[in-house]
Each structure stands twice: as C-alpha cells, then as structure tokens.
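Visitor: Protein chains in written order, with our numbering: chain D, 1 to 109; chain G, 1 to 109; chain H, 1 to 109; chain F, 1 to 109.
In case anyone wonders, no lab produced these hints; they're calculated from the structure.
All values derive from a computational prediction rather than experimental measurement.
Wrong hints could be hidden among the right ones.
[As the list claims (entries may be wrong)] With the C-beta cut set under 7 Å, the calculated list includes, among others, these residues of chain H facing chain D:
id: 1; residue: 20
id: 2; residue: 35
id: 3; residue: 39
id: 4; residue: 42
id: 5; residue: 43
id: 6; residue: 47
Note that beta-carbon positions come from the ideal geometry of N, C-alpha and C, so glycine has one too.
Given next are the chains, with one letter for each unit.
Number of protein chains: 4
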Amino acid sequence: MKHLQQKIIEFRDARNWKQFHTPKDLAISLSLEAGELLENFQWKSSEEAVKTNLENIKDEIADVVIYALLLSHELGIDMEKAVVDKIKKNEQKYPIEKSFGSKKKYTEL
Amino acid sequence: MKHLQQKIIEFRDARNWKQFHTPKDLAISLSLEAGELLENFQWKSSEEAVKTNLENIKDEIADVVIYALLLSHELGIDMEKAVVDKIKKNEQKYPIEKSFGSKKKYTEL
Amino acid sequence: MKHLQQKIIEFRDARNWKQFHTPKDLAISLSLEAGELLENFQWKSSEEAVKTNLENIKDEIADVVIYALLLSHELGIDMEKAVVDKIKKNEQKYPIEKSFGSKKKYTEL
Amino acid sequence: MKHLQQKIIEFRDARNWKQFHTPKDLAISLSLEAGELLENFQWKSSEEAVKTNLENIKDEIADVVIYALLLSHELGIDMEKAVVDKIKKNEQKYPIEKSFGSKKKYTEL
Numbered sequence: 001m002k003h004l005q006q007k008i009i010e011f012r013d014a015r016n017w018k019q020f021h022t023p024k025d026l027a028i029s030l031s032l033e034a035g036e037l038l039e040n041f042q043w044k045s046s047e048e049a050v051k052t053n054l055e056n057i058k059d060e061i062a063d064v065v066i067y068a069l070l071l072s073h074e075l076g077i078d079m080e081k082a083v084v085d086k087i088k089k090n091e092q093k094y095p096i097e098k099s100f101g102s103k104k105k106y107t108e109l
Numbered sequence: 001m002k003h004l005q006q007k008i009i010e011f012r013d014a015r016n017w018k019q020f021h022t023p024k025d026l027a028i029s030l031s032l033e034a035g036e037l038l039e040n041f042q043w044k045s046s047e048e049a050v051k052t053n054l055e056n057i058k059d060e061i062a063d064v065v066i067y068a069l070l071l072s073h074e075l076g077i078d079m080e081k082a083v084v085d086k087i088k089k090n091e092q093k094y095p096i097e098k099s100f101g102s103k104k105k106y107t108e109l
Numbered sequence: 001m002k003h004l005q006q007k008i009i010e011f012r013d014a015r016n017w018k019q020f021h022t023p024k025d026l027a028i029s030l031s032l033e034a035g036e037l038l039e040n041f042q043w044k045s046s047e048e049a050v051k052t053n054l055e056n057i058k059d060e061i062a063d064v065v066i067y068a069l070l071l072s073h074e075l076g077i078d079m080e081k082a083v084v085d086k087i088k089k090n091e092q093k094y095p096i097e098k099s100f101g102s103k104k105k106y107t108e109l
Numbered sequence: 001m002k003h004l005q006q007k008i009i010e011f012r013d014a015r016n017w018k019q020f021h022t023p024k025d026l027a028i029s030l031s032l033e034a035g036e037l038l039e040n041f042q043w044k045s046s047e048e049a050v051k052t053n054l055e056n057i058k059d060e061i062a063d064v065v066i067y068a069l070l071l072s073h074e075l076g077i078d079m080e081k082a083v084v085d086k087i088k089k090n091e092q093k094y095p096i097e098k099s100f101g102s103k104k105k106y107t108e109l
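With the rest of the complex left out, here is chain D (with noise of 0.2 Å):
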C-alpha cells in the first residue's frame, strides 16, 4: 500500500496537482469516483454488469482506492492500520453470534 501510495504521490507532483487537493475536494472526488463505479450497475443485475463492463469496473474501483490513498497521504492516515482498526471496530458492532446470518444494522441488532 505505501509503495502504491507513493507511485501516486509522484503521478500527482509530477503534474503539480498538489494545490488542487484539498482534503474537501478530494472526497468529493472519491464520491463521484463511487458513483461512476456504481454506474456500470444502473439498470443491470450484477450478472449483466459483470459481463458487460468488467474491465471498467476494475478502473473504477481503481480510482476509489486512489482518491482513498490521496487524502490519507493529506491527512497523514496510515490506511493500513485505519482498515485494520476499523475492522476491530466492527467486529464489536457486529458480533458473531448477534449478526450471523443477519443483514441487519448494528443499531437494529
């Protein structure tokens, strides 16, 4: 993830691109990225749109994650240990024998 995270910082700088990235626009940016993933969904089962438009949707989610690795860069958030910690929050919210099977959120279990 660091080395990831660097190739991005040097594609950024190289462009000079670091005075645009304002930690409010860059999840904006990462917002809209979600939305042109979800849009290879719209009007399709999962089936339809997996078969159709794969290869953007592995662009898209590329994008996400880029956006993801930029603000942590602006906000000094190791991204590692932030999925790491988040998954421990969650394994508090969601314990296994209250959520097991259940689509249910946290707040309704």
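Using the hints, position chains G, H and F against chain D.
Guide: This is chains G, H and F only, laid out in the frame that chain D set:
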C-alpha cells in the same frame, strides 16, 4: 493488501454474509460509505472538518477500502494490479506537458 | 408538479421503459445524477463552478428532480405533500431557538 | 413548486442559515441525501425496501427535492422550466424509434 483482504473475508465468512454480497450491492455500499466520508465535510472547510472529524474520516476511508477489497475479491480483481494499471492509463490521459498545473479534465485538455 | 410528472411518465411510456424502472434502480439513478451535479463543483469554488457550468448545473438539477418524480410515481408518493410533511418534521428537529445561526446536526443540538 | 420553494426559504431564513448555503455545499448536501435515500435499498430487493422503509424513502425523496429547490433558488434557476427544458433535450437524445424498449445510454444508441 492481500493480507487485509483475507482478514475482511474472514470477518465476512464468520458472519455468513457472503449471501448478501452481490457485486451490485457491494457497489451501492461503497458509494454509501463514500457519502458518509463526504458528510464529514458538509458545511465545513477542509480545516474545520479535519479539526473536528479526523477520527471519523479515518473510519470512513477504511470502510470505503473494505468495500473496494470485498468487491475486488468477488470479481477476481487484483486490486494492487488494478491501481498500477490505472495509474498507467492516467499517465496517458494526462500527459505532463498538457496537464501540468491544470485542473482540466482529460476530455478538455 | 403533477403536470411535470405526467410529462415524464409520457416520455417514459413512449419508450417502453417502465420495465427497467424498479424503485431500487431509480434510487441508484437519482444518486448518480446527484453525483453528476456535484461534479460541476469538483476542484472549483462555488463561484468558478457557477461561472463555467451553470447550464449543466441546471440540467443535472432537472435530472435529479425527474428521477425523484419517477420514483414518487412508482411508489404512490405525493411529492408535494412529502415535501410539506418533511418541512414540518424539520421544524421539530431544528427548533429556531436552538438552531438559529448554527450548522450543527439535530443530533448535536 | 414556487409555493414549496417559498416555504423552504422561510424555514431557512428563520434559522439564519443562508450564510452556510453556498452552491457547492448545497450540491454536496443534495448528494448526501440521495445516498440516504439509496441506503433504504442496501442489501434489499425493491420489494423488501418498500415494504420496510416506505416512510423513510418518502422523507429522503423530500430532502432531495428540498435541496434541489434551495440550490435552484440560490442560482436563479426556475426548476419547473429546467425540468421541461431537460425533457426536451432527452427527447432529442433518446428518439423513440432508437430507444424503444432499450436501456442503452444515448452515447451507445
């Protein structure tokens, strides 16, 4: 990344949640988490948002990446490779000489 | 509003599109259009966005409202009444004396 | 629509909120509400979602329309006219003979 992905799949399988995780619903969920991330910046400057909400921003970035890893796993996408490939595509779309210091979209360059 | 809704339903039916318009896909589409609206503000201040993109902003607001009307129609929701009812709820959630000049969410008031 | 818009502006002004309502933040907020609407369909079929969440769906559609009206007001857009104009554009982008019974995007027709 592979190690993180494995942890997330274990979390999912311990709760028997694979049955709900269609690619379409994972893409929806990723988009919802991107919205929750952005909510931290609603009515706020970047500075205010980071000052008051950094812990939640960290959690929401993690949630986005967790869904990106779940969706990649479901579709047999190697996320690390997807990011590297996308950076290469972006280098073509945004040649340094044309995009240096410019926030124009590649379609307008 | 009723008159607009009727025009939109006529447009849809002339193309035989009702078959695709499940409530879930309409909600996805509305969310995608909201993203396209927001894209006009990406990397830009409000002033810059409005100066360069006003015509597209107008179109994307219209697309959002069109999907809101399609979804309301599908679900038998009277949109005008829904808005009036929601304003009343908001008046309860945000009493003037507590929320005057404050950008806090009602859960924090 | 004008009457609804006026009610919403009165609500806003009674709380002195105009100061926060930049077009960019209104577009962000509209997008967040569209996400909250979509959340009602997360992990659910349309049928399940409507059965369990209709009241919340109604509220979230209303929130979307409220922000659409606030943003239109801020930008001097006549929303009713914007919708009528957009339907006309859509009629050009999607001629009946080409788009009948097809879910293709206009760029693929």
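Visitor: Are the hints correct? Go through all of them and say.
Guide: Hints, verified against the model:
no.	hint	verdict
1	20	holds, 5 Å
2	35	holds, 3 Å
3	39	holds, 6 Å
4	42	holds, 6 Å
5	43	holds, 5 Å
6	47	violated, 15 Å
When the structure is compared with the earlier hints, a violation turns up for hint 6 alone.
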